[in-house]
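Residue numbers (the working numbering), protein chains in the order written: chain Z, 1 to 265; chain R, 266 to 577; chain C, 578 to 1075.
Hints in this document: simulated from the structure, not taken from any laboratory.
Hints should not be assumed to be uniformly reliable.
What the hints assert, rightly or not - Straight-line C-alpha distance at most 30 angstroms; calculated DSSO-like pairs for lysine-lysine: (1) Lys957/C with Lys108/Z; (2) Lys903/C with Lys509/R; (3) Lys308/R with Lys957/C; (4) Lys308/R with Lys1015/C; (5) Lys999/C with Lys308/R; (6) Lys957/C with Lys927/C; (7) Lys927/C with Lys562/R; (8) Lys728/C with Lys55/Z; (9) Lys917/C with Lys564/R; (10) Lys55/Z with Lys932/C; (11) Lys917/C with Lys522/R; (12) Lys108/Z with Lys728/C; (13) Lys584/C with Lys564/R; (14) Lys562/R with Lys728/C.
To be verified - To give an idea of the interface, some chain R residues facing chain Z are shown, with a C-beta separation under 7 angstroms as derived from the structure: (15) Ile287; (16) Ser289; (17) Gln292.
The C-beta atom is built at its ideal place from N, Cα and C for all residues, glycine as well.
Read off the chains here:
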Amino acid sequence: MSRLPVRKTYKLFIGGDFPRSESGRTYEAQGQNVARASRKDVRDAVRSARGAFAKWRGMTAYNRGQVLYRIAEMMESRMEEFAERAGGRKEVETAVDRWVWYAGWADKYAQVLGTSNPVAAPYFNFTIPEPTGVVGIVAPDEPPLDGLVARLAPVLVGGNTAVALASEPAPLAAIELAEALATADVPGGVVNILTGYRSELAPWLAGHMDVNAIDLAGADGEIPELERLAAENVKRVVRGRADRQSPYEIAAFLELKTVWHPIGV
Amino acid sequence: MAKAPALPSGFELPLEPRLPRIGSIDQVAVEERAAALARRSIKREAKRFALDMAVRMMDLTTLEGQDTPGKIAALTSKAIRPDPADASVPSVAAVCVYPNLVPAALERVRGSSVKVASVATAFPSGQSPTQVKVAEVREVVDMGAHEVDMVIDRGAFLSGRYAKVYDEIVQVKDACGEAHLKVILEVGELGTYDNVRRASLLAMAAGADFIKTSTGKLPQAATLPVTLVMLEAIRDVYHETGRKIGMKPAGGIRQAKQAVQYLVQLYETLGAEWLTPDLYRLGASTLLNDVLMQIRKEKTGRYQSPDYFTID
Amino acid sequence: MTDLERKQDRSPVPSGWDYAPAPEARDIVTLEERYGVYVGGEFVEPRSGEHLATVSPSSEEQLAEVAQAGPEDVDLAVGAARDAFENGWSALAPSERAKYLFRIARILQERSREFAVLESLDGGKPIKESRDVDLPLSAAHFFYYAGWADKLEYAFPNRSPRPVGVAGQIIPWNFPLLMLSWKIAPALAAGNTVVLKPAETTPLTALLFADVLRQAELPPGVVNIVTGDGRTGAELVKHPGVDKIAFTGSTEVGKAIQRELAGSGKRLTLELGGKAANIIFDDAALDQAVEGIVNGIYFNQGHVCCAGSRLLVQESIYEPVIEKLKRRLTTLRVGDPLDKNTDVGAINSKQQLEKIEELVASGEEEGAEIYQPPCRLPEKGYWFVPTVFTNVAQSYRIAQEEIFGPVLSVLTFRTPDEAVEKANNTPYGLSAGVWTEKGSRILSMANRLEAGVVWANTYNRFDPTSPFGGYKESGFGREGGLHGLEPYLELDESEVRG
Chain Z
1 MSRLPVRKTY KLFIGGDFPR SESGRTYEAQ GQNVARASRK DVRDAVRSAR
51 GAFAKWRGMT AYNRGQVLYR IAEMMESRME EFAERAGGRK EVETAVDRWV
101 WYAGWADKYA QVLGTSNPVA APYFNFTIPE PTGVVGIVAP DEPPLDGLVA
151 RLAPVLVGGN TAVALASEPA PLAAIELAEA LATADVPGGV VNILTGYRSE
201 LAPWLAGHMD VNAIDLAGAD GEIPELERLA AENVKRVVRG RADRQSPYEI
251 AAFLELKTVW HPIGV
Chain R
266 MAKAPALPSG FELPLEPRLP RIGSIDQVAV EERAAALARR SIKREAKRFA
316 LDMAVRMMDL TTLEGQDTPG KIAALTSKAI RPDPADASVP SVAAVCVYPN
366 LVPAALERVR GSSVKVASVA TAFPSGQSPT QVKVAEVREV VDMGAHEVDM
416 VIDRGAFLSG RYAKVYDEIV QVKDACGEAH LKVILEVGEL GTYDNVRRAS
466 LLAMAAGADF IKTSTGKLPQ AATLPVTLVM LEAIRDVYHE TGRKIGMKPA
516 GGIRQAKQAV QYLVQLYETL GAEWLTPDLY RLGASTLLND VLMQIRKEKT
566 GRYQSPDYFT ID
Chain C
578 MTDLERKQDR SPVPSGWDYA PAPEARDIVT LEERYGVYVG GEFVEPRSGE
628 HLATVSPSSE EQLAEVAQAG PEDVDLAVGA ARDAFENGWS ALAPSERAKY
678 LFRIARILQE RSREFAVLES LDGGKPIKES RDVDLPLSAA HFFYYAGWAD
728 KLEYAFPNRS PRPVGVAGQI IPWNFPLLML SWKIAPALAA GNTVVLKPAE
778 TTPLTALLFA DVLRQAELPP GVVNIVTGDG RTGAELVKHP GVDKIAFTGS
828 TEVGKAIQRE LAGSGKRLTL ELGGKAANII FDDAALDQAV EGIVNGIYFN
878 QGHVCCAGSR LLVQESIYEP VIEKLKRRLT TLRVGDPLDK NTDVGAINSK
928 QQLEKIEELV ASGEEEGAEI YQPPCRLPEK GYWFVPTVFT NVAQSYRIAQ
978 EEIFGPVLSV LTFRTPDEAV EKANNTPYGL SAGVWTEKGS RILSMANRLE
1028 AGVVWANTYN RFDPTSPFGG YKESGFGREG GLHGLEPYLE LDESEVRG
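In isolation and in its complexed conformation, chain Z is listed as follows (with noise of 0.2 angstroms):
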């Protein structure tokens, strides 16, 4: 007689916790139930997205680098996991691959973006990026775990916390990465997965006054009102890609900061 397996229940990731949609409510997708976030736990999870954002952009680059390379090492342990609720092995593969390559960003974004101004007067002046803060991530629907990633990890990098809305059609990639992120030494609160409806869920993120960017890489045609909706506190807004990798990617989640102090004795 062979075993019934024992299921895994798809909740949402919001500070750390695992909890259930405040609403009570889920959806199916991609044969599960799987939890259907209301706009309170959008609330929720950008409230926890701004408590962890002091730790998060504090912690020295060496260790955010770490902390990024950690959890390449928890999806390579689980890649079958992965492969099985995301587009199969090779869409892992790159997803674990693109966390090395921003893990090893982490400290040198800041020497490639930052400059040293050479003003006409006796002043050192520099400028150097600083994260934006909380950043609000609507991630493309395919591929349903590398497009998270793609999106997420030059947000983490940068100092950011972030609050996803996971692919709509198949969100069980996005809770299993939550579970790894769980795992990985990512404070609590640094990263929130929601999955839902993105047309109930998108414009709470992108109203939202508390969060300082939008990447609306898996809008479509809500962008308009999307951002619309983000000018209310002039939202950075990037229409991000889940194909793109670069430095560039980072820089669109950072501020610059420039600093001027006179020389003299």
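Dock chains R and C against chain Z, hints included.
Frame of chain Z; chains R and C shown alone:
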């Protein structure tokens, strides 16, 4: 180790973190402020006022090994009546000479408003024993000098023996009696504006009537920013204690235009109250003729030639 | 004493020194009675048929009439820019593009006095500022970006930068020519063409700049200038032929532009308002800090987006700072912008004056204590006395809203943490000032302040090499420096890795 005696009346070293704490000076910012003030455009009657005031505030100076009674006679003549052709040009404030020339100078200025100032305290280095310096001061005061320009002991200051510097000023002040004491910091040797401020406060605390930038014996003498730093120290002391200390930039001020800039800085830092020879002097030897030329230019409308102004 | 010496006049020391007026000569500027729009390299009558008057805020005298460009005018300007972009400018060798910009820089230097006088006439700012700040920086900006034109691939590793196309640029009235330079120089260096919309109240230096372009022999249509009020700007924003909008101005209008462009795919940079904290620690070099406070808020009548309008003073040093500040305020010379000794000029417009007056009234109503030095203001024109509010609570409107005038709100703090908390407690994030003699504290504060520019032991310094721009609702994108090129370039993607 030297021990600071009781502080002169009216001034106490700060116990609270309020002014005049020593504080510090930002070099770039103070130089920018001084440069900004120097860009004031002083025209017509305002310029005539300033030129007249510059003459009144001048300490006409000769401090050379070759100074003789004859030289002093010429200098004092010029001091009393700067422009022989124009009685409305005022006398300068004082002549500033070496101790040996004090009697000659006094002889010549008698009856005029011009004062005689003498440098003292092993001028310009200040590197002699304190009792020698004090004796020198007593000597020039006994001879009748109205003002004494002393130098601080930079060696002591730069090695951190502030009490020694302080003590010496206190003793010199005591030796001065009625004579006015100007304390020369020799800013060109102090290295930083922070030190200039520190030395300024030290000198004022010890009893200086005036603080003065330089001996004139170094290439780095008075500048606008260093004078500004000292004026601000004076302002802090005034604000805290009500004591009005005078200021004397000296050395390197050769052109009328510079003199006007110094007066603008004075006016905008300490206000109209300080626009008097009692509280401000310009130590200079060659400035006077340029100011006279400018005065005559203002009066005649013609640019002038040095050929028409005596070199004394 | 000789006889002659005895005859020496011994009048008492005079007292009272007033600086005589020292006005910069105005005849260096020649104005037309009426200006058209500058399109395709020449001034043409606006199709709108409408004009508006531009007045001198210091005298209320009408200086000229300028075009109130309508939709058709904007369309023609965008068309001219598109034409110039496609037929010549974008294909021009970058080194040649550079040389045009160098020429412009040089001509601005040569004609700087003329521009400075006009800037002060039309905008009300003191001549010493237009002469010593606006003009030198404008020329320097062109000179700096000129050199970038043929070096763009070095600025963005692994990329082949291309121009975006036609840039619509809308600039404010506080630094009319300087903001023009901040906008036009990087845009042209990157190979774009431009339609510029100067501010309604200060269009004249932009129109004079057209003459610089003529002298530089810049190809027609590369820069087009359409004057007018907010309606003209709105037309430019929504014109489908514009690829990129760069706006400097209020946060309110910036948000409206961002909303308007939603879904359009147009590139956008915004340089918006601010409510900067200028933080004085008790170990600061006090007299210089006081200068920094004054420069921070009274420079350009406080018409500065990055003005240090909130003074945060450590409580232990509060009294001497305020005493020194008040004393210093009595030496500020308010009046004729063309007088070389004027420190604070005229408020740019009647409308702005009313806004300042309204906010100052609210400050008094809410319970703040007002200080204004004795000050005689001219009878005509728009003026506001440099003002300090003490006893200000963080919640007062004068501590929250951008006044954009010579009005300082003073708050206190006790610890560095409290200073950071108060400084960051605003939707804005453009700039901040820190005054302390302690190096490690400067770096810590610079790190924690949410602001695009942190001035430590200085304030309101600008340089073409130094990126400038905001966090949060102060906008996005940088102007100046290498980073100032990015908004005007498409960065081609390299091979996708993975």
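Evaluation of the provided hints:
| no. | hint | verdict |
| --- | --- | --- |
| 1 | Lys957/C with Lys108/Z | violated (58 angstroms) |
| 2 | Lys903/C with Lys509/R | holds (20 angstroms) |
| 3 | Lys308/R with Lys957/C | holds (25 angstroms) |
| 4 | Lys308/R with Lys1015/C | violated (43 angstroms) |
| 5 | Lys999/C with Lys308/R | violated (46 angstroms) |
| 6 | Lys957/C with Lys927/C | holds (11 angstroms) |
| 7 | Lys927/C with Lys562/R | violated (44 angstroms) |
| 8 | Lys728/C with Lys55/Z | violated (39 angstroms) |
| 9 | Lys917/C with Lys564/R | holds (23 angstroms) |
| 10 | Lys55/Z with Lys932/C | violated (41 angstroms) |
| 11 | Lys917/C with Lys522/R | holds (16 angstroms) |
| 12 | Lys108/Z with Lys728/C | holds (23 angstroms) |
| 13 | Lys584/C with Lys564/R | holds (20 angstroms) |
| 14 | Lys562/R with Lys728/C | violated (55 angstroms) |
| 15 | Ile287 | violated (16 angstroms) |
| 16 | Ser289 | violated (11 angstroms) |
| 17 | Gln292 | holds (3 angstroms) |
Checked against the numbered hints given earlier, this structure breaks hints 1, 4, 5, 7, 8, 10, 14, 15 and 16; the rest are met.
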